[in-house]
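Participant: Same order as they appear, the protein sequences are chains W and C.
Per our numbering, the first sequence starts with residue 1, numbered consecutively.
Per our numbering, the second sequence starts with residue 1, numbered consecutively.
Source of the hints: derived by calculation from the structure; they are not laboratory data.
A portion of the hints provided could be inaccurate.
Unchecked claim - Beta-carbon label-pair distances, calculated as ranges:
1. C:Leu56 x W:Asn59: 33 to 41 angstroms
2. C:Val83 x W:Arg67: 37 to 45 angstroms
3. C:Thr20 x W:Lys52: 40 to 48 angstroms
4. C:Lys112 x W:Arg67: 41 to 49 angstroms
5. C:Pro40 x W:Leu95: 38 to 46 angstroms
6. C:Leu82 x W:Arg57: 35 to 43 angstroms
7. W:Thr14 x C:Glu66: 31 to 39 angstroms
8. C:Pro18 x W:Ala80: 43 to 51 angstroms
9. W:Pro61 x C:Ser26: 38 to 46 angstroms
Just so it is clear, CB atoms sit at the ideal spot from N, CA and C, and this is done for glycine as well.
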Amino acid sequence: DAGVTQSPTHLIKTRGQHVTLRCSPISGHKSVSWYQQVLGQGPQFIFQYYEKEERGRGNFPDRFSARQFPNYSSELNVNALLLGDSALYLCASSLEAGRTYEQYFGPGTRLTVT
Amino acid sequence: AQSVAQPEDQVNVAEGNPLTVKCTYSVSGNPYLFWYVQYPNRGLQFLLKYITGDNLVKGSYGFEAEFNKSQTSFHLKKPSALVSDSALYFCAVRDIEGNKLVFGAGTILRVKS
Numbered sequence: 001d002a003g004v005t006q007s008p009t010h011l012i013k014t015r016g017q018h019v020t021l022r023c024s025p026i027s028g029h030k031s032v033s034w035y036q037q038v039l040g041q042g043p044q045f046i047f048q049y050y051e052k053e054e055r056g057r058g059n060f061p062d063r064f065s066a067r068q069f070p071n072y073s074s075e076l077n078v079n080a081l082l083l084g085d086s087a088l089y090l091c092a093s094s095l096e097a098g099r100t101y102e103q104y105f106g107p108g109t110r111l112t113v114t
Numbered sequence: 001a002q003s004v005a006q007p008e009d010q011v012n013v014a015e016g017n018p019l020t021v022k023c024t025y026s027v028s029g030n031p032y033l034f035w036y037v038q039y040p041n042r043g044l045q046f047l048l049k050y051i052t053g054d055n056l057v058k059g060s061y062g063f064e065a066e067f068n069k070s071q072t073s074f075h076l077k078k079p080s081a082l083v084s085d086s087a088l089y090f091c092a093v094r095d096i097e098g099n100k101l102v103f104g105a106g107t108i109l110r111v112k113s
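For reference, chain C alone in the conformation it holds in the complex (with noise of 0.2 angstroms):
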C-alpha cells in the first residue's frame, strides 16, 4: 500500500531562515506526490505536486519540494521562511487506483519573528 511518513511533529524556524519540512514516501510503482497546507479550521490548500520530470518542484507562496528516489523522500522548502508560515502541512501520495490521496501526519511549522 502507498503510504507517507513525516518525521516530525513539529518544526520550529526563525523568520528570514530556510525552512525544510520532511516527507519519506513508501509506493509500488511511481510515485505521485503532493504537498498541502492548513490554517487553523481552514480546509487543505494545495502547495505543489510531483508527477514525473525534474527533481525540484516549485509551488505556490514560494514553496517548492525536492523529490530524491534513492532516499524516497520528497521534502517542502522554503528559501526565507514567513510569519505567516505558520501553519500545518501535509505530505500525500495518491493511491494506485489514483482515487485517492493517503496523507501523512502532519507536521506543525512555527516560524517566529
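One chain only, chain W, in its complex shape (with noise of 0.2 angstroms):
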C-alpha cells in the first residue's frame, strides 16, 4: 500500500513569494495534520483537518492556512514568505483524528526561502 506522499520534494523560493504544498493520505485515512521541522528541532504541529474541517491549529502566523479536499487530500499554503519558514513541512495522516491514533508521516517537503 502506498504510504503518504507530498510533493515536491523540494523547493527554492525568494522571501515575498508564496507557496503551496501537497499531501496524499493513506488510502482511508480521513485525517491529515501538517508540522514544521526545523533543522536541529523536533516537528511543531501547524494544522490539523478531518473530514475537511480545521480541527486545530498551531501557533503560526495568518500567512499559513490549508484545506482538506473530499478525497482527503491537502494543501497547506505559506504567503509572504520569510527566512524563519526555511523547513522540512511534513504531513502525517491517520484513520481518525482521535487521540488513540497514531499518525503517519510523509517524507516531507524541503522548502528553502533565500
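Dock chain to chain to rebuild the complex, using the hints, since each chain is given by itself in its own frame.
Facilitator: Take a look at the structure:
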C-alpha cells in the first residue's frame, strides 16, 4: 500500500513569495496534519484537518493556511515567505482524528527561502 | 500543557549491546505516548505507542518501550542494537484536545560496529 505522499520534494523560493505544498494521505485515512521541522528541532504542529474541517491550529501566523479536499488530500499554503520559514514540512495522516490514533508521516517537502 | 523531554542529545552504543533512549513526560490526565524514528532526509516512521494496558509496549524493528507512571517516563529500548538503528529518535505525546502531537527535541542514536 502507498504511504503518505508529498509534493514537491524540494522547493526554493524567494522572500515575499507564496508557496503551496501538497499531501495525499494513506488510502482510507480521513485526517491530515501538517508539521514544520526546523533543522535540529522536533516537528511543530501547524494544522489538523478531519473530514475537510480544521480541527486544530498551532502557534503559527495567519500567513499559514491549509485546506482538505473531498478526497482527503490537503494543501498547505504559506504567503509572504520569510527566511525563517525555511524548514522541512511534514504531512501526517491518521485513520481518525482521535487521541489514540497514530499518525503516519510522509517524506516531507524541504522548503528553502532565500 | 502536555510536554515531553528527551534529556540526551546523543546516545552511543556498540552493535549487539542493549540500547535505551530516554523520555519523560508531563501531562494532564492519561498520557498517550508515541515513539518515532527519522532517518536522514526522510520523514518520521512510527515505532510504537502507549495508550493503556501493559506497561511494556512492543513495536516495529524489535523496539519496545517501558511506561512508568511513577517516574513519568517512557523509555525506548532494544535488547541488541544494530548499526542500521542509527538515526534520530523522537518521543511524542498527544495533546488533550487530540489534534496534535507534541514532540521532544530528539535524540541521535549512534550504533558502532
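Participant: Given the hint of 33 to 41 angstroms, check if leucine 56 of chain C and asparagine 59 of chain W actually sit that far apart at their C-beta atoms.
Facilitator: holds (35 angstroms)
Participant: How does the Cβ-Cβ distance of proline 18 of chain C and alanine 80 of chain W compare with 43 to 51 angstroms: does it lie in that range?
Facilitator: holds (50 angstroms)
Participant: Take the C-beta atom of proline 61 of chain W and the C-beta atom of serine 26 of chain C, compute their distance, and say whether it sits inside 38 to 46 angstroms.
Facilitator: violated (27 angstroms)
Participant: May I ask you to test the hint 37 to 45 angstroms on the CB atoms belonging to valine 83 of chain C and arginine 67 of chain W?
Facilitator: holds (43 angstroms)
Participant: Using the beta carbons of threonine 20 of chain C and lysine 52 of chain W, state whether their distance is inside 40 to 48 angstroms or not.
Facilitator: Taking Cβ atoms as reference, threonine 20 of chain C and lysine 52 of chain W lie about 42 angstroms apart, which means the hint holds.
Participant: Cβ-Cβ distance between proline 40 of chain C and leucine 95 of chain W: within 38 to 46 angstroms?
Facilitator: With a Cβ separation near 28 angstroms, proline 40 of chain C and leucine 95 of chain W fall outside 38 to 46 angstroms, so the hint is violated.
Participant: Hint says 35 to 43 angstroms; check whether the CB-CB distance for leucine 82 of chain C and arginine 57 of chain W agrees.
Facilitator: holds (40 angstroms)
Participant: With respect to the beta-carbon atoms only, verify the hint that threonine 14 of chain W and glutamate 66 of chain C lie 31 to 39 angstroms apart.
Facilitator: Violated, at about 48 angstroms.
Participant: Looking only at beta-carbon atoms, does the pair lysine 112 of chain C, arginine 67 of chain W fall within the given range of 41 to 49 angstroms?
Facilitator: holds (46 angstroms)
Violated hints, in rising order: 5, 7 and 9; the structure is consistent with all others.
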